[in-house]
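**Student:** Going down the list, the protein sequences come from chains A and B.
Number 96 in my numbering belongs to position 96 of the first sequence; there are no gaps in the numbering.
Number 249 in my numbering belongs to position 249 of the second sequence; there are no gaps in the numbering.
Hint data in this document are derived by calculation from the structure and do not stem from the laboratory.
All of these numbers come straight from a predicted model, not from anything done at the bench.
All residues carry an ideal CB built from backbone N, CA and C; glycine is no exception.
Accuracy of the hints is not assured; some may be wrong.
Unchecked claim - Computed beta-carbon distance windows for the label pairs:
1) A/Phe111 <-> B/Ile85: 17 to 25 Å
2) A/Leu99 <-> B/Asp143: 33 to 41 Å
3) A/Val241 <-> B/Ile85: 24 to 32 Å
4) A/Arg119 <-> B/Ser172: 37 to 45 Å
5) A/Ser172 <-> B/Tyr145: 49 to 57 Å
6) B/Thr38 <-> A/Asn166: 45 to 53 Å
7) A/Ser172 <-> B/Arg271: 27 to 35 Å
8) B/Arg271 <-> A/Pro103: 26 to 34 Å
9) B/Val74 <-> A/Gly62: 23 to 31 Å
10) B/Val173 <-> A/Asn55: 28 to 36 Å
11) B/Phe267 <-> A/Arg339: 47 to 55 Å
12) B/Ser172 <-> A/Phe67: 31 to 39 Å
13) A/Leu99 <-> B/Ala182: 18 to 26 Å
14) A/Asn152 <-> B/Tyr145: 54 to 62 Å
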Amino acid sequence: MATIDGSRRASGGIRGREAIAGWVFTAPMILILGVFLFIPVLMALYVSMTTWNGNGSPFAGGQNAEFVGLDNYSALFSRDGLTRDNFMQSLGNNFWYVLFVVPLQTATAFFLALIVSNRFLKGKSFFRTAFYFPSVTSSIAISVVFLFLFQNSGAVNAILAFFGINGPAWFSDSRGLFHIALGKVGVDNPGWAQAEVLGRSLWAWSSGPSVAMCVVIGLAIWTTTGTFMLLFIAALQDLPVEVDEAAMLDGVSPWQKLRLVTLPMIKPTLFLVITLGLIGTWQVFDQIYVMGKGAPAGTTLTPAYLSYQESFRSLKYGTGAAMAFIVFVIIVLLTWFQRWLMREDRGTSRRTRRAAAVAVGMQQGKQAGGPS
Amino acid sequence: MTRRAAGWKLFGGYAVLLLFAAIYLYPFLIQIATSFKTDAQASSDPLALVPNPFDVTTWQRIFGLTEDSPVPIVRWLTNSVFITIVVTAARVFFDSLAGYALSRLRFRGRGFLFAAVLAVMSVPGVALLIPKFLMVTYLGIYDTYAAMILPLVVDAAGVFIMKQFFDSVPVSVEEAARIDGAGVFRTFWSVVLPMAKPALITLTILSFQGSWNEFTHFLVTTQDADHKTLVTGLASLASGELGAGSQFPLKMGAALLTTIPVAILFFCFQRYFVRGANEGGVKG
C-alpha cells in the first residue's frame, strides 16, 4: 500500500518505507476493529430487518430468517402487543432513571469536589480515594453487594429501622415513586390519565421510577460520582486565584461567589459532566442483569437490557437488534452533541479535556469494554 | 471571614466528608466482614462489621478445600487471570503501534483512519452485544478463548490515548535515531516506547481494569461453565443459577475476590488513575 504522491517522492525511499510501516503498524487495529466491530454492526443491521430465531444462518433467508425490511422497527412504535408494551415501558423506565441519576450525580459530584478542594482541609487524598474507588471496581461485584444490602432484612432496612422507618421490600416493590406520592394525596389512576400514548396510559407513563429502580439509581450515583468529582476538582483547580481573592475583597458571601463566580467559570465542565452522564445512563445493563432482570413487573427493564432479553432469551433476534439500534442512535447523537460542546474553542481548559479523555476511557473500559 | 467562622466551616466540611466516606466505603467493608460470617449471621446481623463467630468456611469453599464445593471459583479465577494478562499485553502493544502510526508516520489514509477511530469510540458497548454474537458464531468460535480474547485485543479509546500522547512528545529524539539508520520498527521499539512509559502505564491500568471487569462481551460469546470468568461466574451465582439458598457469605467472598486485584492496582498506581494520565500527557 505504498502509494506515494509526487510531492513525497522527492524525499525518496524513507517516505515509502514510512507509508508501508504506517499500514503495517495499523494493520492489527484495522483487522480487529473491522472484523469484530465494523462488519458485525452491518450484520446486525441486516438481522434487525429479519425475523431470525437463532436457528440456522441469519443470512440464509427462509422461514428462520425472513427479510421483513423495516417491519421490526415500525412494530416497536406502532403495533399493539407485548413487544411494544415492553419497549415503551423500558423507554419510560430509562427516562425516569436518567431524570433522577443525571442531576443527582452531577450535584453530588460537584458538592464533594467543592468540599475536597477546600485549601485548609487535611487528608484530601484519603477522601478523594474513598469517593473514587467505587468507580473503578466491577459493576457486577458492586451490584451483588447492593443486592445484599437492600434485601428485605438487609443492612439498609436495618438502618431505617433504627430511625423507626419501616423499609420497603426493595426488589419486589413495583410501585412508582410519583404514584406513591399521588396516592398519599388520594389520587389513584384517575379518569383523566387514561388517554393512551404509544400504547401506554398517561398514568403508566407518569409513574416515576419504581422502588426497585431506586436501588439501581442509588447504585449508579454511588459508582459514578467519583469520576465526575475528579473532573470538577480539575476544573476548580483551573480557576485563577485572583478571581477568588477579588471576590473575597469585594466581600461577597460564599453562596454569591458560588453562584456568580464559580459556577459560570466551570460551566464547560458542568456541560461535560451532564452529557457524559446522559450517555452513560442510556447504557445501563450490568446492574439490571444482576438486580432482577427487569423485575418487578418490568419496572427495571431498560432498552439495552430488553434488547438482550428479546434476542438471547426470547430468540427474537430481529426485534432485539432493532431495539439495540435505537439505543445506538440515541447514544451516538448524545456523544456527538458532547463532542460539539467540547470543541477547542469553547473555553474548556486542557486539563479538563485531558481528564475528560481519561474519564471517557474509563467509562468505556467499564461499560463497553473491548472495541468500544 | 473570621478565624472562628473558618474553623466551623472546616469542621462542617469534615463531618460531611466523613459521612460520605462512610457511605462510599461501607459496602466494601461489609463484603470483607460478611465473607467471614456464617450464612445464619449474614442474614440475622447484616450490619455488623465484626464477624461473630469468625468463620472461614466460605473461603475454604471458594478455594475448593471443602467436600461440598459445587462452585468452581478457582476455575473462574484462573480464566480471569489468563484472559486479563493476554488481553492487557496485546492491547498495550497493538494500541501503541497504531497510536504511533497515526501520530507520527506519514501515509495516505491516516486522516481517514483517525476519523474512523473517533467514530468507533462513540459506538456504545451495549449496542454491540448482538453484533459480536453474530460474528463469533459466523466464525465458528463461539464458546472458545479465541472469541473471548481476540475482539478485545485492540480498543479505539486506547489507540486514541496513545496517539494523543505521541502528539505531545517532540520528534527530535526519534529523528536522530532515524538519521543513524535505524528502521521504523526499531526506532519505535527501542527509542519511542521507553519514552512513552507514563502513557504505557496508564494504558496498562485501563486495559487491566477493563478486561478484568468485562462482562457483556463474555456474556454473549460464551455459554459453558468452563469459560466463566470471575465476573460472569459471579453474575450467575447472584442469579441463583448455582445452588439454592441466599449464600450471602459466598457471594460476598466472590465479589471481594473480583474487587481485590483492581483495588491493589488502584492503590499502587493511584497517581495514574487520578491524575497520572494528565502527567502522561493525554493532551486534549
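**Student:** Hint by hint, say whether it matches the structure.
**Tutor:** Comparing the hints with the structure gives:
The beta-carbon spacing between phenylalanine 111 of chain A and isoleucine 85 of chain B, approximately 39 Å, falls outside the hinted interval of 17 to 25 Å. For leucine 99 of chain A and aspartate 143 of chain B, the hinted distance range of 33 to 41 Å is satisfied, since their beta carbons lie about 40 Å from each other. About 46 Å separates the C-beta atoms of valine 241 of chain A and isoleucine 85 of chain B, a value inconsistent with the hinted range of 24 to 32 Å. Checking the proposed 37 to 45 Å range against arginine 119 of chain A and serine 172 of chain B shows it holds: the Cβ atoms sit about 40 Å from each other.
At roughly 39 Å, the beta-carbon separation of serine 172 of chain A and tyrosine 145 of chain B lies outside the given 49 to 57 Å, and the hint is violated. The hinted range of 45 to 53 Å is not satisfied by threonine 38 of chain B and asparagine 166 of chain A, whose Cβ atoms lie roughly 27 Å apart. Checked against the given bound of 27 to 35 Å, the beta carbons of serine 172 of chain A and arginine 271 of chain B, roughly 44 Å apart, lie outside it. For the pair arginine 271 of chain B and proline 103 of chain A, the supplied restraint of 26 to 34 Å holds, since their beta-carbon distance comes to about 31 Å.
The supplied range of 23 to 31 Å is broken by valine 74 of chain B and glycine 62 of chain A, whose beta-carbon atoms lie about 45 Å from each other. Taking 28 to 36 Å as the suggested C-beta distance range, the pair valine 173 of chain B and asparagine 55 of chain A does not conform, at roughly 59 Å. The hint said 47 to 55 Å for the Cβ distance between phenylalanine 267 of chain B and arginine 339 of chain A, and at roughly 33 Å that hint is violated. For the pair serine 172 of chain B and phenylalanine 67 of chain A, the beta carbons lie near 58 Å from each other, so the given range of 31 to 39 Å is not met.
For leucine 99 of chain A paired with alanine 182 of chain B, a C-beta distance near 58 Å fails the hint of 18 to 26 Å. A hinted range of 54 to 62 Å for the beta carbons of asparagine 152 of chain A and tyrosine 145 of chain B is inconsistent with their spacing of about 40 Å.
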